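Let's have the full structure, built from the sequences with the hints guiding it.
2 protein chains.
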Amino acid sequence: MANPLRNIRIVLVRPIYGGNLGAVCRAMKNMGIYDLAVVSPHPELDMSEARQRAYHAGDILEKRHQYESLAAAVADCALVAGTSARGGLYRAHARAPREWAPRLIEAASANRVALVFGTEDKGLSNEELALCTQIIRIPSSRAYSSLNLSHAVIICCYEMFLAAGRYRHAGEKSPEAACELRERMFAMWRETLLEIGFMKDDKARHMMMGLRRVLSRGPLSENDVQILMGIARQARWAANNPPVRRERRKSSEGD
Amino acid sequence: MANPLRNIRIVLVRPIYGGNLGAVCRAMKNMGIYDLAVVSPHPELDMSEARQRAYHAGDILEKRHQYESLAAAVADCALVAGTSARGGLYRAHARAPREWAPRLIEAASANRVALVFGTEDKGLSNEELALCTQIIRIPSSRAYSSLNLSHAVIICCYEMFLAAGRYRHAGEKSPEAACELRERMFAMWRETLLEIGFMKDDKARHMMMGLRRVLSRGPLSENDVQILMGIARQARWAANNPPVRRERRKSSEGD
Numbered sequence: 003m004a005n006p007l008r009n010i011r012i013v014l015v016r017p018i019y020g021g022n023l024g025a026v027c028r029a030m031k032n033m034g035i036y037d038l039a040v041v042s043p044h045p046e047l048d049m050s051e052a053r054q055r056a057y058h059a060g061d062i063l064e065k066r067h068q069y070e071s072l073a074a075a076v077a078d079c080a081l082v083a084g085t086s087a088r089g090g091l092y093r094a095h096a097r098a099p100r101e102w103a104p105r106l107i108e109a110a111s112a113n114r115v116a117l118v119f120g121t122e123d124k125g126l127s128n129e130e131l132a133l134c135t136q137i138i139r140i141p142s143s144r145a146y147s148s149l150n151l152s153h154a155v156i157i158c159c160y161e162m163f164l165a166a167g168r169y170r171h172a173g174e175k176s177p178e179a180a181c182e183l184r185e186r187m188f189a190m191w192r193e194t195l196l197e198i199g200f201m202k203d204d205k206a207r208h209m210m211m212g213l214r215r216v217l218s219r220g221p222l223s224e225n226d227v228q229i230l231m232g233i234a235r236q237a238r239w240a241a242n243n244p245p246v247r248r249e250r251r252k253s254s255e256g257d
Numbered sequence: 003m004a005n006p007l008r009n010i011r012i013v014l015v016r017p018i019y020g021g022n023l024g025a026v027c028r029a030m031k032n033m034g035i036y037d038l039a040v041v042s043p044h045p046e047l048d049m050s051e052a053r054q055r056a057y058h059a060g061d062i063l064e065k066r067h068q069y070e071s072l073a074a075a076v077a078d079c080a081l082v083a084g085t086s087a088r089g090g091l092y093r094a095h096a097r098a099p100r101e102w103a104p105r106l107i108e109a110a111s112a113n114r115v116a117l118v119f120g121t122e123d124k125g126l127s128n129e130e131l132a133l134c135t136q137i138i139r140i141p142s143s144r145a146y147s148s149l150n151l152s153h154a155v156i157i158c159c160y161e162m163f164l165a166a167g168r169y170r171h172a173g174e175k176s177p178e179a180a181c182e183l184r185e186r187m188f189a190m191w192r193e194t195l196l197e198i199g200f201m202k203d204d205k206a207r208h209m210m211m212g213l214r215r216v217l218s219r220g221p222l223s224e225n226d227v228q229i230l231m232g233i234a235r236q237a238r239w240a241a242n243n244p245p246v247r248r249e250r251r252k253s254s255e256g257d
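Top line first, the protein sequences correspond to chains L and A.
Here the numbering used here is used: position 198 in the first sequence is 200, and no number is missing along the way.
Here the numbering used here is used: position 91 in the second sequence is 93, and no number is missing along the way.
Read the hints as simulated data drawn from the structure, not as lab findings.
Keep in mind that this is a model prediction, so the values were computed, not measured.
The beta carbon of each residue, even a glycine, is placed where N, CA and C say it ideally should be.
Treat the hints loosely; a few may be bogus.
Covered by chain A, per the in silico footprint, the following chain L stretches (three or more residues, Cβ under 8 Å) [what the hints assert, rightly or not]:
no., region
1, 144-151
2, 189-198
3, 207-214
4, 226-238
Calculated cross-link-like contacts (lysine to any residue; reagent style SDA-like; alpha-carbon spacing at most 25 Å) [unchecked claim]:
no., chain 1, residue 1, chain 2, residue 2
5, L, Lys-202, L, Ser-127
6, L, Lys-202, A, Asn-243
7, A, Lys-205, L, Pro-244
8, A, Lys-205, L, Pro-177
9, L, Lys-65, L, Ser-111
10, A, Lys-205, L, Gln-228
11, A, Lys-65, A, Leu-47
12, L, Lys-202, L, Arg-186
Next comes the structure, spelled out in structure tokens:
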């Protein structure tokens with residue numbers, strides 16, 4: 003079996019400080035993780051500080067990929083695990099990194115998996131969390147729960163490293179759906195649910211979050227996504243074709 | 003029982019960089035550990051950098067105690083766990099922090115316990131390791147095993163925090179749906195998928211197995227089931243109410 007750690011991508015969204023970027027590279031290399039993506043770094047991020055703090059992990063820093071959006075950075079990832087220090091509406095199903103680790107490593111044995119970290123001061127936006135299939139909350143003291151960025155990264159990477167050492171892969175069937183395909187499915191469902199009057203525009207975001215949560219509880223294969231897209235497509239069609247016409251088509255097919 | 007974390011002391015031996023000292027304070031406070039001892043810090047250690055990196059953990063930095071030797075810093079400690087990245091003579095009984103954590107927390111429920119970290123470039127000397135009752139080696143990649151000082155500290159503190167059981171899993175607010183409710187949902191979906199022409203009777207069993215599989219991958223809460231039943235109900239309604247009538251209802255609701 004391939005090393006699942008090689009399928010794990012660390013994604014930093016809008017990092018501000020070069021020191022943190024460098025420290026993240028070192029943390030990754032310490033834990034055998036090499037794929038770094040950076041989304042819209044701060045224009046004044048200090049690259050010389052990053053190089054200094056990366057220490058012997060300058061290779062990871064140099065080979066990083068840069069993206070303009072989180073969606074682009076995770077387009078090819080089956081699972082997208084976002085970190086959040088806050089509680090609240092869309093974060094109720096957050097779990098500790100140790101709880102998610104076996105699931106993430108299992109997926110990473112066959113597919114690309116992203117661990118996503120928000121900007122130093124504000125974390126990830128609700129829109130960014132919507133892209134995540136898992137929410138990670140690192141256990142910490144109530145007195146001061148907000149970790150330094152590279153500290154959050156090394157704890158998550160450390161848990162992946164340990165889980166990878168223990169995990170024995172069972173055997174794969176249909177590949178897990180990547181982010182891009184899943185997002186097409188959610189967009190299709192959104193249109194359908196508006197069309198059939200299940201929700202109105204002002205509730206759409208909230209309802210879609212609920213649906214995203216339900217469909218992110220376990221692996222979602224490409225086959226599964228095809229089924230779900232088929233249902234959405236058909237529900238929309240049926241809503242726009244009166245029962246009489248449907249009956250007629252049904253009976254003519256029966257001929 | 004008293005909080006064992008309050009009996010844990012972090013000891014830094016000859017730290018060089020103020021940034022690391024500050025980052026260690028933040029890491030400690032994140033994990034509910036407050037007692038910091040510093041042995042012979044470098045004379046040019048940058049205290050203003052330390053204060054900056056400590057961020058909201060300046061209290062720990064200010065209250066630190068300073069010692070001239072490791073022996074003095076751990077004189078009142080029952081257990082002394084030293085960290086080492088290297089193997090070798092005095093390090094053969096090194097174990098991972100997760101392995102030592104229960105033992106250290108047990109001791110810390112009644113006695114003071116020290117976690118000792120060496121200087122950034124060379125770690126602890128053999129003489130210093132001799133003072134240690136436990137040796138901790140943090141699991142890491144062979145390609146680059148040496149962690150940044152504050153990274154080593156936060157991993158050890160994180161393991162102590164978890165072992166102390168201070169973390170309370172947030173979990174889902176809504177209870178998991180029981181079999182009966184789930185089955186009502188699947189029956190409703192079956193009717194809807196037949197009604198909207200997504201499947202015919204002879205394929206219904208096969209398609210429903212697919213849908214069951216998708217929705218059984220992870221926990222499904224009662225709230226989730228309510229959402230899914232609502233969608234099925236609405237899709238069926240929409241399929242039986244032509245677009246014109248729906249529009250009329252929509253606009254009258256908007257009044």
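Exercise for the section: Quickly compare the C-alpha distance for Lys-65 (chain L) and Ser-111 (chain L) to 25 Å and report which way the hint goes. Expected result: Roughly 22 Å between the alpha carbons, so the hint for Lys-65 (chain L) and Ser-111 (chain L) holds.
Practice task
Take the region 144-151 of chain L, compare each residue's beta carbon with every beta carbon of chain A, and decide whether three or more fall closer than 8 Å.
Solution key: Contact hint for the region 144-151 of chain L vs chain A: holds, 6 residues under 8 Å.
Handout entry: Distance restraint between Lys-205 (chain A) and Gln-228 (chain L), which requires alpha-carbon spacing of 25 Å or less
Key = holds, 16 Å
Problem - Distance restraint between Lys-205 (chain A) and Pro-244 (chain L), which requires alpha-carbon spacing of 25 Å or less - result: holds, 23 Å
Practice task
Quickly compare the C-alpha distance for Lys-202 (chain L) and Asn-243 (chain A) to 25 Å and report which way the hint goes.
Solution key: holds, 17 Å
Practice task
Examine the region 207-214 of chain L: at least three residues should have C-beta closer than 8 Å to a C-beta of chain A.
Solution key: With 3 residues close enough to chain A, the hint holds.
Problem - Hint consistency between Lys-202 (chain L) and Ser-127 (chain L) [alpha-carbon to alpha-carbon, up to 25 Å] - result: Holds - the C-alpha atoms of Ser-127 (chain L) and Lys-202 (chain L) are around 23 Å apart, at most 25 Å.
Handout entry: Distance restraint between Lys-202 (chain L) and Arg-186 (chain L), which requires alpha-carbon spacing of 25 Å or less
Key = holds, 20 Å
Practice task
Would you check the hint for Lys-65 (chain A) and Leu-47 (chain A), treating anything up to 25 Å between C-alpha atoms as holding?
Solution key: Holds. Lys-65 (chain A) to Leu-47 (chain A) sits at ~17 Å (cutoff 25 Å).
Problem - Coverage criterion applied to the region 226-238 of chain L (partner chain A; beta-carbon cut 8 Å; 3 residues) - result: This one holds; 7 residues, not fewer than the three required, reach chain A with a Cβ under 8 Å.
Exercise for the section: Take the C-alpha atoms of Lys-205 (chain A) and Pro-177 (chain L), compute the straight-line distance between them, and say whether it is at most 25 Å. Expected result: Roughly 24 Å separates the two Cα atoms, so the pair holds.
Handout entry: Check of the region 189-198 of chain L against chain A for coverage (Cβ-Cβ below 8 Å, three residues minimum)
Key = That given contact holds, which follows from 4 residues of the region 189-198 of chain L lying within Cβ reach (below 8 Å) of chain A.
Violated hints for the displayed structure: none, as all numbered hints are satisfied.
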